[in-house]
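There are 4 protein chains.
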Amino acid sequence: MAGSTYGKIFQISTWGESHGPALGVVVDGCPAGLPLSADDIQTYLNRRRPGQSKLTTKRQEADEVELLSGLFEDRTTGAPISMMIRNTSQRSSDYGEIANCYRPGHADYTFDAKYGFRDYRGGGRSSGRETVGRVAGGAIAAKLLQEFGIHMTTYTLSIGPIKIDRSKFNPDAILTTPTGMPDTEASAMAEAWLADCMKNYDSAGGVIECVIDGVPAGLGDPVFEKLDANLSKAVMSIGAVKAVEIGDGTEVTVRQGSRNNDPFRMKDGQVIKTSNHAGGILGGISDGSPIILRAHIKPTPSIFSPQQTVNRQGEDIDLSIKGRHDPVIVPRAVVVVETMAALTIADALLLNAAARLDHLKKIYGR
Amino acid sequence: MAGSTYGKIFQISTWGESHGPALGVVVDGCPAGLPLSADDIQTYLNRRRPGQSKLTTKRQEADEVELLSGLFEDRTTGAPISMMIRNTSQRSSDYGEIANCYRPGHADYTFDAKYGFRDYRGGGRSSGRETVGRVAGGAIAAKLLQEFGIHMTTYTLSIGPIKIDRSKFNPDAILTTPTGMPDTEASAMAEAWLADCMKNYDSAGGVIECVIDGVPAGLGDPVFEKLDANLSKAVMSIGAVKAVEIGDGTEVTVRQGSRNNDPFRMKDGQVIKTSNHAGGILGGISDGSPIILRAHIKPTPSIFSPQQTVNRQGEDIDLSIKGRHDPVIVPRAVVVVETMAALTIADALLLNAAARLDHLKKIYGR
Amino acid sequence: MAGSTYGKIFQISTWGESHGPALGVVVDGCPAGLPLSADDIQTYLNRRRPGQSKLTTKRQEADEVELLSGLFEDRTTGAPISMMIRNTSQRSSDYGEIANCYRPGHADYTFDAKYGFRDYRGGGRSSGRETVGRVAGGAIAAKLLQEFGIHMTTYTLSIGPIKIDRSKFNPDAILTTPTGMPDTEASAMAEAWLADCMKNYDSAGGVIECVIDGVPAGLGDPVFEKLDANLSKAVMSIGAVKAVEIGDGTEVTVRQGSRNNDPFRMKDGQVIKTSNHAGGILGGISDGSPIILRAHIKPTPSIFSPQQTVNRQGEDIDLSIKGRHDPVIVPRAVVVVETMAALTIADALLLNAAARLDHLKKIYGR
Amino acid sequence: MAGSTYGKIFQISTWGESHGPALGVVVDGCPAGLPLSADDIQTYLNRRRPGQSKLTTKRQEADEVELLSGLFEDRTTGAPISMMIRNTSQRSSDYGEIANCYRPGHADYTFDAKYGFRDYRGGGRSSGRETVGRVAGGAIAAKLLQEFGIHMTTYTLSIGPIKIDRSKFNPDAILTTPTGMPDTEASAMAEAWLADCMKNYDSAGGVIECVIDGVPAGLGDPVFEKLDANLSKAVMSIGAVKAVEIGDGTEVTVRQGSRNNDPFRMKDGQVIKTSNHAGGILGGISDGSPIILRAHIKPTPSIFSPQQTVNRQGEDIDLSIKGRHDPVIVPRAVVVVETMAALTIADALLLNAAARLDHLKKIYGR
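Residue numbers (this note's numbering), protein chains in the order written: chain A, 1 to 366; chain B, 1 to 366; chain C, 1 to 366; chain D, 1 to 366.
Isolated chain A (complex conformation) (with noise of 0.2 angstroms):
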């Protein structure tokens, strides 16, 4: 309740700080029998590792996750599944000079407001770090969702104002650009432009785009527990996103009905939309398209130019952050939009399964 635990039966309840000796990740609530090994989990945390371009903080972090609990034999027993990320490459020294200022677009005033003091090393609990928890836990909901046939990809759509052209799409560029984008030309583009950003002691912003395939009709829960209004608060929770789209998104407001509605045809005895502006969703429940959402991401706000802001002593003060920082963290945030996708959904799969009277009775075989 205290913020550090997501979804109602797969649920996550992630740990540590940026600074500390290790941040983790407790998964309850994921079924019994399910194959897993390390290298499920370490597959998703290498790709928010940072140091991996010129694009990430230089920071170097193994990101080498330790499974400590919750498998038998290779399966999940349905038992806790705890897992522990080392923090390796901390420098204290690197935050010394924020300890008694606020930097702006950062968390460092409103810890303060809420709790009175705060840990500033590295940002502590608000530090981007924090999602190490999130792409563990959501590794295993990804391993668990492909148990039914439910794909995800998920990329870079735009950083700053280069978009990706989606005539170009190519899913393999998506872990291969240092930008995340599926177009190798936008990607290349995208980059000589953050390399003038960084020249200026600036930063960046952009959308990431997430399409989840193979979703059933029939998942999310009418009123307060919509489809998308979980992904919403899911994506929402990652810090850093400004606004969250479903399907055509803002795009739909001035629109017409009858060039929004998705058309129902039958095709080999299936109900299917012939179109897809809802995005997967009608009501809050999936209706078996794929499902389609975006994540607006603002620019980094650690920036090295000089900023206005004020000191715990109340002065007005000008800043220079120093230390590690990405000019962009949308690239690295794409498998956190991508695992907190997961999560909801694997979360809304096994809640439905109590949805219908034939569906327990073909558990409990009556």
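Note that these hints are calculated values from the structure, not bench results. Hints should not be assumed to be uniformly reliable.
Simulated restraints on C-beta separations [claimed, not checked]:
id, chain 1, residue 1, chain 2, residue 2, range
1, A, GLN146, C, GLY214, 34 to 40 angstroms
2, B, SER305, C, GLY214, 53 to 59 angstroms
3, A, GLY314, D, GLU66, 53 to 59 angstroms
4, C, ASP318, B, ALA38, 39 to 45 angstroms
5, B, GLY323, C, GLU73, 18 to 24 angstroms
6, B, GLY214, A, ASP318, 26 to 32 angstroms
7, C, GLN146, D, GLN313, 33 to 39 angstroms
8, C, GLN146, D, PRO171, 49 to 55 angstroms
9, C, GLN146, B, ASP172, 48 to 54 angstroms
Every residue gets a Cβ at the ideal spot worked out from N, C-alpha and C, and that includes glycine.
Since the structure of chain A is already known, use the hints to place chains B, C and D on it.
Positioned in the frame of chain A, the structure of chains B, C and D alone reads:
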């Protein structure tokens, strides 16, 4: 958990269908001692009541609230507050034709997919009429927030292509224009545009903005229970919302950090921000500036022009919807967005009471 | 969270005071497709209705249930089921005298201490009348359990010093004796003993036993959500319950392990236990044997003999309670214990649906 | 939700198996600003550590706690507190023989029934070793309660047939007798009785009592979240507990109301009760008197004499358990009962902060 309950401490559970005898809400967790009358709630219900202009459905509902529990001598007692609103204008005959088919853009298909069958009368639980419970519950949250100096201003920002001119912002107009716009000129234009839209048997969407003044710094919890994450869920859970923005929202993705960070400065002994791109929330915690959010609403899916769809027998058919429908739901949704935001802020206010040892010592006299 | 909601998936939220216009309950999370009628609920409500014998308060209440939502063509739809029971026999005048003082054994003092004031009419929310919502909600849980072959037998085991003779157990007597005892002789003795008790302006307590047959092995979750832990909470939450036992309960503490362990044996290809000291639960999970629990209920605190207490002005006073009170609440509490157990088992049944990958694959056809 | 999380605001999530690399707990929701050191936790862990007397298993575990997050400059920050205890004395070979059969009185069978298979090494998640996480988390709750003048005294009341003599109550003896009895004579008798019991390859149960002083009136919520209901769940969730009593517990059922009601009187300007049959709770809310509860614990199911059971192949077999087992778990369970009660009271203390408008105004300075 099945979806009709919202909030952790200040909690509402809504119930009721469009064509049942009544709808209602149970509010549990409202602090004891809040002065409250039926009028406090009726004022909010009247803002979403249909039949008030030619822009809204002709269905006439008094939407009179009955207060059934939780009050004693005009104050809340800490016990659950039950409220009921009777349906008085159901005409099930209107819906006979759609019992057997799936209206595009509606939840007919997904309810069938999830539950195996559905209450097809007026959309049942997926009808916009469901929001009457949210508004009644949220009216109490808003009353509570007033005790702490928190006030909300919510209005229509655009309908279709027509936007307000912020330089002509007139808060008094919000409750007097049929569009909910705080700009009478834009409102007149929107009315004309909607008249055209209706002539073509079509419908429109739009954008709602909500500004919350007076929120103390410190509300919201880090990581998963960020205040913006919960506001996003609250707003996205309203049927027809397809995108949510906080502060400058989608615009921040093309902006550089030096332009997006809000500088801190001292003013009258207080920490203030000299701009508010962040929309009053940093790191998921309120920063004392006004909280700003926007909800993007799709065009009403019920349109009178013919549409392609299928029926429950799995046949392709053409459907022309009859009945009474708002050509645009934005004006009536304004108060729904406002009350969902009120519920979210109220819950965060109560949860935050237990966040600090020194706060608790004040309460327990230590 | 404020206390009036019970259950994780099969969830009830009750509301209403002893002397308000009505009481009620919202059931959310009942699976879609369950056949249900008002009669199913009324049968249970009639078992707790007052005024049925000289052992119960003379307050006459029809306790007729109104079903307000969640049903379509006599089946549950998955939407919340709202039920209301109107109060018809409030006599507030009876309670004027106790508005200003604290009845011993009642919650008057603690409500004042918690909330600063209280609705003193008939105990308000702390009245035993509150249980009408539990019974209405639990009746639906019991109906659901029947679909899975789960049946409950609940009865009075003792009143004051009078215990049933288990060798004379007659299940038909449970609903015909005024005591709820399944032994007509013991019941007659208990009636005589209670008559004496009432002559002395005094009151009595007793023990209720509940046996749940047909529960499949595997319900309940390890560690904190053990089935016995949840049953204990469910039963202890009923006003006046002061102890809860599972299986052989308090007796096990003086027994040695060799006498307390239940041996396993094969029978007709099934694993069975040849004794059931454990009461059907091992390690917090149902083992397929009957679940057995007992609730120990204190004597009714409202007695007509004078008692020492204080008033709100902080003065010592003597109080003689008037009004209409059951000399023993045990007979009417039988159905409350039964329905609370039904709610707990139903919730565990639904939660368990998501515990195994192979179960989920059955539902999703994989 | 899957069972390893306890509490609503002050929340713990435990993880780990008897024979895995480690066990642990994440505490979320502890208020910021609480002074805390590893010693505060180690003191409690030492009370449950095995190998301290001939009454406990010879398994030697240091049970040293590692504090991994949530502290800064020796105070809690409001962030989750992660604690880990490494397993150092696993001998899996002891358990090879039971991999294939169901030990009577254990959860082997029910885990298989629920999950389809189980981690059989030392009972896996159903081992008593699981309580190490409860104790570490509860130690923080106890530290928090001390800040509010709330203190707990927990001790063994009986082992098998040997009860303490309350007239010889010596609180210092609790931590010095191997039984946890506050009466050295009774403890010596219990030791002798247990020696006999062990000679016969048998085991024993007993009763633990917990007294909580200094709880302010007003904690607990009406109806389902009564303080006694939550205490019952907390205590019944400890493996081997088969009954829970509050105050005079089972005794009240044979007592008349005039003898069971606690009179109120004024003393030094305070409302007090002149007796405490209720055990400090009225209507589910603390009344300012000491809270008293008792846990009834079954004899250790692991006994060395042969028992009837079945194996996974569905054959009747005889089983003689080997390995290292406590002949009675009562002495080591004392601190588990204490910490579960501490967690429950702490959570109620935090929740109650939001129960009244005037309380909230104190916090927010209105």
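Quick rundown of the hints versus the structure:
1. A:GLN146 with C:GLY214: 34 to 40 angstroms: holds (36 angstroms)
2. B:SER305 with C:GLY214: 53 to 59 angstroms: holds (55 angstroms)
3. A:GLY314 with D:GLU66: 53 to 59 angstroms: Because 38 angstroms falls outside the window, the suggested range is violated.
4. C:ASP318 with B:ALA38: 39 to 45 angstroms: Holds, at about 40 angstroms.
5. B:GLY323 with C:GLU73: 18 to 24 angstroms: With Cβ atoms ~21 angstroms apart, the hint holds.
6. B:GLY214 with A:ASP318: 26 to 32 angstroms: The hinted range 26 to 32 angstroms holds for B:GLY214 and A:ASP318, with Cβ atoms some 30 angstroms apart.
7. C:GLN146 with D:GLN313: 33 to 39 angstroms: holds (34 angstroms)
8. C:GLN146 with D:PRO171: 49 to 55 angstroms: holds (52 angstroms)
9. C:GLN146 with B:ASP172: 48 to 54 angstroms: violated (59 angstroms)
Taken one by one, the earlier hints fail for this structure at numbers 3 and 9, listed in ascending order.
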